[in-house]
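Protein chains: 4
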Amino acid sequence: MEDLRSTISAFIQERDWEQFHSPKNLAMALSVEVAEIVEHFQWLTEEESQNLLPEKLAEIREEIGDVMIYLTELADSLGIDPVEAAKAKVAINGQKYPAEVLRGKASKYSEY
Amino acid sequence: MEDLRSTISAFIQERDWEQFHSPKNLAMALSVEVAEIVEHFQWLTEEESQNLLPEKLAEIREEIGDVMIYLTELADSLGIDPVEAAKAKVAINGQKYPAEVLRGKASKYSEY
Amino acid sequence: MEDLRSTISAFIQERDWEQFHSPKNLAMALSVEVAEIVEHFQWLTEEESQNLLPEKLAEIREEIGDVMIYLTELADSLGIDPVEAAKAKVAINGQKYPAEVLRGKASKYSEY
Amino acid sequence: MEDLRSTISAFIQERDWEQFHSPKNLAMALSVEVAEIVEHFQWLTEEESQNLLPEKLAEIREEIGDVMIYLTELADSLGIDPVEAAKAKVAINGQKYPAEVLRGKASKYSEY
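Residue numbers (our numbering), protein chains in the order written: chain A, 1 to 112; chain B, 1 to 112; chain C, 1 to 112; chain D, 1 to 112.
So here's chain A without its partners, still in its complex pose (with noise of 0.2 angstroms):
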């Protein structure tokens, strides 16, 4: 992750970018970015989308890491590793969603 963010953080100052850059651009950017994740979802049956084609998986990978380049940029600019944050956001889940109470059950936390 270091590796990363160091590497996007000398991407954007070689270009000047760092103007754009700005926390609510960048949550702009990274909407956009998810959007062009879910365009090759979008007609796939749910079971379609457990079975790409290796070209289809390629320029998904693509998306994925576009992603993670503009939600490491974003989270980088607000002083957040986004890893320990995923990992701190999964340990108040547990305790929002008990496991023996929401076994098998799509519900979200306000609806039980």
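Rather than coming from a laboratory, the hints here were simulated on the basis of the structure.
Hints should not be assumed to be uniformly reliable.
[What the hints assert, rightly or not] If you want a taste of the chain C side facing chain D, the calculated C-beta under 8 angstroms gives, among others:
{"#": "1", "residue": "Leu71"}
{"#": "2", "residue": "Gln95"}
{"#": "3", "residue": "Tyr97"}
The C-beta atom is built at its ideal place from N, Cα and C for all residues, glycine as well.
Fit chains B, C and D to the supplied structure of chain A, relying on the hints for placement.
Just chains B, C and D, lined up with the frame of chain A:
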């Protein structure tokens, strides 16, 4: 990352949620979580987005955690490591957007 | 539509919210409201999405209302009528995706 | 609106696309089209977003058309009229966000 991946995987299995977590559905959930980040920024100026209050920042950290969780799980379901995918994509972007040509411009590749 | 447009415009003015409602911010708000629709569908099968319970449908109707409100306001801020824009786009799409070629295929224009 | 609804419906039937257009999939497609609007605004300042060049505006008009098409089709598949849903939601919002309390504040209902 490997830590995070296996923690999420165990979390899902304990709740029998694999049945809901097709790549298609995970892509949708990822887009929903990203929108929860965007929601925090939608009415802020760019400058305000760079000067968040601690409690707002703590909320956004949780949303970033959720996005990272779904991104990791989606990538894992496709056999992809998001950090490796991001590093590979930074290299591709370096060729698509050469620093000497694009310095200070937000133009996309297709526009210059 | 003209009714709706002027009702929304009055609503915003009464609250002095024009200052926040730049096209950029309205585009963000639109994406957040669409995600609230997506959230209702993310764990449903396609078949379940075609057979919603009345209370779920009522909630989605409210979200569709919110999306339509922001779409109308965004379009209005740019001098665009969304219904006219849609009619014009259907005509363009009719040429991009000829019925006789694409019957029964979800492929995008760029893929066939 | 009724014109638009029936034109879209004929367009889909001529291409045998009903099979792909479950409400779940239409919600995904709607989110993808909204992201294409957001993409136009992501690196602009709010002020720039209020002063678009004619060719940019023409592109955004097409994207607004696409969003309106999918919103109409999604709503139609659920038996909902999006304009009526919006009018009903403006009335609800009028009670949730009273003008006299919220004038000039972007705060959401839940925050004041």
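Results for each hint:
Proximity of leucine 71 of chain C to chain D holds as hinted, the smallest CB-CB distance being about 6 angstroms (cut-off 8 angstroms). About 12 angstroms separates the beta-carbon of glutamine 95 of chain C from the nearest beta-carbon of chain D, more than 8 angstroms, and the hint is not met. Residue-level restraint check for tyrosine 97 of chain C holds (minimum Cβ-Cβ distance to chain D is 7 angstroms; threshold 8 angstroms).
When the structure is compared with the earlier hints, a violation turns up for hint 2 alone.
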